[in-house]
Structures are given as structure tokens and as C-alpha cells.
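Asks: For the sequence shown, numbering that gives the first Met the number 0 assigns the number 0 to the initial residue and increments by one for each residue that follows.
By construction, these hints were calculated from the structure, which means they are not laboratory data.
Source: prediction; values computed, not measured.
Hints are not guaranteed to be accurate.
Unchecked claim - Below are the BS3-like pairs computed for lysine-lysine, each with C-alpha atoms no more than 30 Å apart in a straight line: (1) Lys-4 to Lys-42; (2) Lys-29 to Lys-42; (3) Lys-42 to Lys-75; (4) Lys-73 to Lys-42; (5) Lys-4 to Lys-96; (6) Lys-29 to Lys-75.
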Amino acid sequence: MIVIKSGAFGDYDDTSFTDAELLYRRVPDKPSFLTQRDPITGKRRPQPAAFSIRQEPDGLSIVIHGLVRALRLKTKHLCNWETHGVARFAAGHVRPKLGVIAAADPNSPHLGQAHGLIRGPEGIPPASVWNPIRDEILAHVEFFESDPDPATDTHSALDVASGAIGMCWKLLGWLRRCIG
């Protein structure tokens, strides 16, 4: 059963997005948003400024992975990879105090229908609520400087298998296993 929780400022959590749902947040490639490269791993990590909710009146802007997949969109369009990267984390890190809702962004030509918001029952949460959640996200976030899912730009094995030729290959494989 799908439940959309509502608060004083409107909808704030759609339970059809599970706690395991992956969320993406665009992160500018600027020192205030990213750490220096780790000398051992060579990776950078988002800083608290990358998850500042104060400037966003409706909630923290995100892209919802499940909607990207359902709408057959491509993760290569998550951002301009020359000027931004992408932080990926699970929806469970914002719950139970806040939630995730889909909220189309008409200003995003590629991923606008997969856009969402993180918000609370009272809209933008106070710092006392947001800061521990932000810190939880930062502790578990994975940062990408290039497309995190390049397989979405090619035909996956499932796409091939679902086609007529793919079905023939599956049938031949099944016959071979039965006979051999």
C-alpha cells in the first residue's frame, strides 16, 4: 500500500520509495563543497555545504534513482560532469524524521520527471533536525565524478534477452542444457 505522509506544509514522504532507494544530489566541483583528494584512495568527499538546505525553499533537491530507471532516463544527464559531481545515498538516511517525495522539475530538460525533494512535515527542517541527518548522509555517501551507471547508456543483457533474438538464444541454451 502506497502512503504519502502529509504535514503542515504539504506532502513530505512517499513510502513507495523504500529506505534502500538511491538518491542523487548534484555537487559543484568547488572547494567549499568537496574535500581535497585523499592521498591514499584518490577520492574526494562532499562537505556539509553540498547538503545545505537553507537556500532551498521547497526541500533538498535530489534525483530519485527508481524514477530514472522507470522513465528509462540516463544517469549521464545527472549533471554537467565538467563542473559538478554527484553524491549518492539511500533514502533511509533521512527517515524517520524527514521524507522523500517526487517533485517534477520543469527546468531540468533531461531528468525533470525523476526529480524529488527531501523535506519534513513542517517543510524545511530546523538545523537541530537537519544537521544530524546531513551528517548521517555524509558518513554514508558515495561520490562520483563521472556517470555512476554507464550501463544505462547501452543495451543491457535484459534488453537483449527480451528481444526476439535474445529469446531465441535463451531457447537454444535451454535445449542444449536439456539434451546435453
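Asks: Please work out if Lys-4 and Lys-96 have their alpha carbons no farther apart than 30 Å.
Replies: holds, 12 Å
Asks: Would the pair Lys-42 and Lys-75 pass a check requiring their Cα atoms to be no farther apart than 30 Å?
Replies: The given pair, whose Cα atoms are some 20 Å apart, holds under the 30 Å limit.
Asks: Under the criterion that the straight-line Cα-Cα distance not exceed 30 Å, is the pair Lys-29, Lys-42 satisfied?
Replies: holds, 14 Å
Asks: Straight-line Cα separation of Lys-73 and Lys-42 no greater than 30 Å?
Replies: holds, 24 Å
Asks: Given the hinted pair Lys-29 and Lys-75, is their Cα-Cα distance within 30 Å?
Replies: Status holds; Cα separation ~20 Å.
Asks: Tell me if the straight-line CA distance from Lys-4 to Lys-42 falls inside 30 Å.
Replies: Roughly 37 Å between the alpha carbons, so the hint for Lys-4 and Lys-42 is violated.
Hint violations for this structure: number 1 only, all remaining hints satisfied.
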